[in-house]
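Peer 1: What follows is each chain in one-letter form.
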Amino acid sequence: MTRSIVLFVGVIAAVLMSYTGLSLLPGLQLFDIEPTPGSSDYTFEEAQGRAVYIRDGCIYCHSQQIRPENFGADIARGWAPRPTKAGDYLYDDPHLLGTSRTGPDLSDIASRQPSWDWHMAHFYNPRAVSPGSVMPAYPFYFDVVEPGAVLASQRIVPLPAEYVPPDGKVVVAKEEVEHLYAYLMALRVEPLNAE
Amino acid sequence: MVYSSLIIIVMVLLIGMAISVFILMWSDKRGQYRNVKAGAYVIFDEDEPVGQPQDQTFAKVPPPGGDGGGVPRRSAFGPSTYPEPPPGWRSDVDRSVKWPVLAYVGSAVFWLLVGSIFALLASFKFNFPDWLVEDAWLTFGRLRPAHLQTVIFGWLSMVGIGVGTWLWCRLLKTPLRNGGLMLVGCVLWNVGMVIGTIGLLAGFARSIEWVEFPVVAYLIIVAGFLLNNVALFRTLAHRRVQHLYVSIWYIGASLLWTPILLVTFLLPVYSGVPHATANWWFAHNILGLWLTPAALAAAYYFIPKVTGRPVYSYHLSIIGFWTLALFYNWAGAHHLVGGPPPQWVVTTGIVFSVMMIIPVVVVALNHHMTIVGRFRRVMASPTLRFVVFGAMSYTSVSIQGSLQSLRGWQEVTHFTHYTIAHSHLGVYAFATMIMFGALYYILPRLTGWEWRSSKLIAAHFWLVGMGIGAYVVALTVGGVIQGLAMLNPNVPFLAVVESTKLWLLIRSVSGTLMTIGHIIFAYLVFENIRKGGPQRDAPTLFPLARRQPAAASSK
Chain A
42 MTRSIVLFVG VIAAVLMSYT GLSLLPGLQL FDIEPTPGSS DYTFEEAQGR AVYIRDGCIY
102 CHSQQIRPEN FGADIARGWA PRPTKAGDYL YDDPHLLGTS RTGPDLSDIA SRQPSWDWHM
162 AHFYNPRAVS PGSVMPAYPF YFDVVEPGAV LASQRIVPLP AEYVPPDGKV VVAKEEVEHL
222 YAYLMALRVE PLNAE
Chain B
147 MVYSSLIIIV MVLLIGMAIS VFILMWSDKR GQYRNVKAGA YVIFDEDEPV GQPQDQTFAK
207 VPPPGGDGGG VPRRSAFGPS TYPEPPPGWR SDVDRSVKWP VLAYVGSAVF WLLVGSIFAL
267 LASFKFNFPD WLVEDAWLTF GRLRPAHLQT VIFGWLSMVG IGVGTWLWCR LLKTPLRNGG
327 LMLVGCVLWN VGMVIGTIGL LAGFARSIEW VEFPVVAYLI IVAGFLLNNV ALFRTLAHRR
387 VQHLYVSIWY IGASLLWTPI LLVTFLLPVY SGVPHATANW WFAHNILGLW LTPAALAAAY
447 YFIPKVTGRP VYSYHLSIIG FWTLALFYNW AGAHHLVGGP PPQWVVTTGI VFSVMMIIPV
507 VVVALNHHMT IVGRFRRVMA SPTLRFVVFG AMSYTSVSIQ GSLQSLRGWQ EVTHFTHYTI
567 AHSHLGVYAF ATMIMFGALY YILPRLTGWE WRSSKLIAAH FWLVGMGIGA YVVALTVGGV
627 IQGLAMLNPN VPFLAVVEST KLWLLIRSVS GTLMTIGHII FAYLVFENIR KGGPQRDAPT
687 LFPLARRQPA AASSK
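Chains A and B, in that order, give the protein sequences. Here the first sequence stands for residues 42 to 236, where the numbers follow the numbering used here. Here the second sequence stands for residues 147 to 701, where the numbers follow the numbering used here.
Think of the hints as simulated: they come from the structure by calculation, not from any bench. Think of the CB as a built atom: it goes at the ideal place given N, C-alpha and C, for glycine as much as any other residue.
Far from chain A, some chain B residues (derived; all Cβ distances over 12 Å):
{"hint": "1", "residue": "Gln198"}
{"hint": "2", "residue": "Leu327"}
{"hint": "3", "residue": "Gly454"}
{"hint": "4", "residue": "Met515"}
{"hint": "5", "residue": "Leu549"}
{"hint": "6", "residue": "Val655"}
{"hint": "7", "residue": "Phe672"}
Have a look at the derived ranges for each label pair, beta carbon to beta carbon:
{"hint": "8", "chain 1": "B", "residue 1": "Lys601", "chain 2": "A", "residue 2": "Pro199", "range": "56 to 62 Å"}
{"hint": "9", "chain 1": "B", "residue 1": "Val361", "chain 2": "A", "residue 2": "Ser156", "range": "34 to 40 Å"}
{"hint": "10", "chain 1": "A", "residue 1": "Leu233", "chain 2": "B", "residue 2": "Pro638", "range": "26 to 32 Å"}
{"hint": "11", "chain 1": "A", "residue 1": "Phe112", "chain 2": "B", "residue 2": "Ala164", "range": "34 to 40 Å"}
{"hint": "12", "chain 1": "A", "residue 1": "Ser156", "chain 2": "B", "residue 2": "Val158", "range": "47 to 53 Å"}
{"hint": "13", "chain 1": "B", "residue 1": "Leu170", "chain 2": "A", "residue 2": "Phe112", "range": "38 to 44 Å"}
{"hint": "14", "chain 1": "A", "residue 1": "Glu187", "chain 2": "B", "residue 2": "Leu372", "range": "55 to 61 Å"}
{"hint": "15", "chain 1": "A", "residue 1": "Val50", "chain 2": "B", "residue 2": "Lys183", "range": "24 to 30 Å"}
{"hint": "16", "chain 1": "B", "residue 1": "Ile465", "chain 2": "A", "residue 2": "Ser156", "range": "58 to 64 Å"}
Derived contacts from chain B toward chain A, CB cut-off under 8 Å, selection only:
{"hint": "17", "residue": "Arg288"}
{"hint": "18", "residue": "Pro291"}
{"hint": "19", "residue": "Ala351"}
{"hint": "20", "residue": "Leu382"}
{"hint": "21", "residue": "Thr410"}
{"hint": "22", "residue": "Val419"}
{"hint": "23", "residue": "Ala471"}
{"hint": "24", "residue": "Gly485"}
{"hint": "25", "residue": "Pro488"}
With the hints as constraints, model all of the structure from the sequences given.
Peer 2: Here it is, written out as structure tokens:
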């Protein structure tokens with residue numbers, strides 16, 4: 042090759058073709074799909090919680106996609122009643138499909154584990170409710186205060202004895218983790234009657 | 147509305163293909179592919195003839211304007227329309243790129259150390275999940291993207307530009323134009339990296355894999371990138387060589403590709419599932435169209451140069467380049483196998499991933515056949531040892547990548563630590579090792595000072611070589627075990643987690659070895675730039691076994 046211009050026009054054409062094919066074309070194909078029945082836009086509180094999920098990188102260990110029954114054990118593990126489809130994600134910007142399952146999939150966590158107590162204890166220290174878990178603890182989601190200093194708007198997190206703070210203090214949830222919980226409770230995969 | 151747009155898009159695709167075919171025919175008719183074999187020889191001349199191995203020495207380079215021999219230089223491509231470089235041009239060219247290259251390399255080594263620290267913190271957090279949990283900015287979910295971004299956009303991108311710039315000017319045989327712009331570009335790049343890293347840790351992360359920094363950081367980096375491109379393409383316009391060596395194609399193409407990738411993906415037009423397909427188009431292309439071409443360009447120069455033997459088949463290098471350019475950028479969708487995107491997107495990704503076998507085998511043949519029979523040089527030369535390690539890793543990581551994109555394989559390994567092993571085999575064992583090797587060759591020529599100690603270079607090699615080896619083996623084995631356990635619904639999830647713990651501990655240990663290697667390397671670079679240690683007049687090579695008499699090596 043002695044003509045640089047030919048070389049460079051060629052390579053730019055190559056990358057623009059794949060951009061069109063892999064980035065724009067799926068967008069156009071899915072442009073006017075209907076939201077799956079049962080899915081709805083996030084409330085303000087849920088959207089705030091989603092921002093915490095994004096900020097603290099939950100995506101690096103938790104996926105939000107369910108593979109079909111004959112491909113992997115996602116459904117057999119009871120992670121969701123059906124595979125997820127494009128219509129489930131219409132309100133997701135950015136997408137949070139995830140590529141790692143160091144922790145379990147969260148597409149349908151609201152049905153699997155709705156307990157506020159469980160989730161709060163789990164965030165405060167995952168090993169309090171899931172022995173052997175490698176998930177980090179998130180003590181910065183909580184305040185440790187004197188029992189008398191708990192505000193009316195705050196809820197005390199019930200903990201197993203060995204995780205209760207010393208000297209009689211109690212653990213209360215900060216607003217951000219309440220939002221995060223609200224977001225998790227919006228993660229639900231409804232079974233489809235038609236299928 | 148959608149269908150009319152679909153028609154437009156299909157038209158664009160057809161026109162694009164038509165243009166490619168036309169260019170191919172035009173090039174063939176105009177004799178662009180004639181005399182292909184001669185292309186392999188453009189990196190040799192009287193100063194550095196075929197058959198004479200070059201290594202990390204600056205001592206044999208003639209002084210500027212010195213006696214380069216009065217032999218008329220003939221081009222294999224007929225009368226050249228480009229001026230011939232004057233004798234001693236290598237020194238002139240090296241002087242012109244010295245500060246831009248040193249600025250990029252120095253910054254890159256800094257970000258390598260920062261990225262290694264993030265990596266160690268993130269890795270040890272799996273072994274000690276209650277360690278350093280009080281501060282939000284030290285949580286795993288922020289350290290992990292900080293590691294990825296600093297090693298990709300800090301270390302590998304900046305060292306790629308440094309090495310690429312040196313290769314670019316040396317292969318065009320002309321001094322760098324507008325070097326000042328590159329220095330400004332380097333400053334902008336570092337500003338973008340600092341804003342991005344601090345922003346990410348402070349809670350402005352975006353959780354879009356491979357683009358986790360706040361958007362403003364990328365805008366600054368792209369601005370720096372475009373300044374570099376002005377300097378480099380102005381230099382291209384002043385080239386003093388008729389034939390563009392294959393390394394120039396790789397570097398030039400990646401310089402054009404990467405700003406396009408960044409700008410098109412940062413457009414705020416994606417959401418939901420199409421966002422995921424665009425995400426993996428982008429992320430895989432940063433590897434395939436930015437890091438890979440830069441590393442291959444270096445391998446295509448240093449393997450023939452250090453062995454003194456032209457590339458085995460220059461024909462193959464042309465095929466390898468164009469198949470990579472046409473196939474690699476379609477492969478990214480294999481990250482979504484089994485997921486919610488339309489089936490055809492995923493299938494396209496798998497098909498092109500498998501087609502990548504062609505460029506990979508071609509490049510592998512070329513590199514390995516050039517090396518065959520030169521084993522003692524690989525043992526003696528730090529440059530060659532690192533570059534050959536990288537070239538061999540390229541073959542393995544790419545063959546592995548083609549095979550693992552298949553649905554049956556993905557069913558097991560998708561979502562597991564196996565993927566992390568694969569990505570480190572590519573980004574570290576391939577790209578990073580080649581960059582280490584390239585720097586061992588380039589830096590003495592810029593600073594006029596040899597490396598401080600061959601023992602430290604050997605320590606660097608063995609620490610990072612064993613480290614990455616153990617890393618990849620541990621996470622590959624651990625990932626497959628994890629994947630098989632996850633496929634069995636009767637294994638409780640916490641038992642799956644339990645099965646990964648040993649392998650994650652080995653990962654932390656091997657990461658520590660690599661980090662120690664990086665500290666040694668940073669010390670060597672620092673000493674080289676400040677001209678520390680003894681003054682040498684010969685390259686810092688590894689001492690060979692006694693079997694080789696001293697007289698033979700000086701022959």
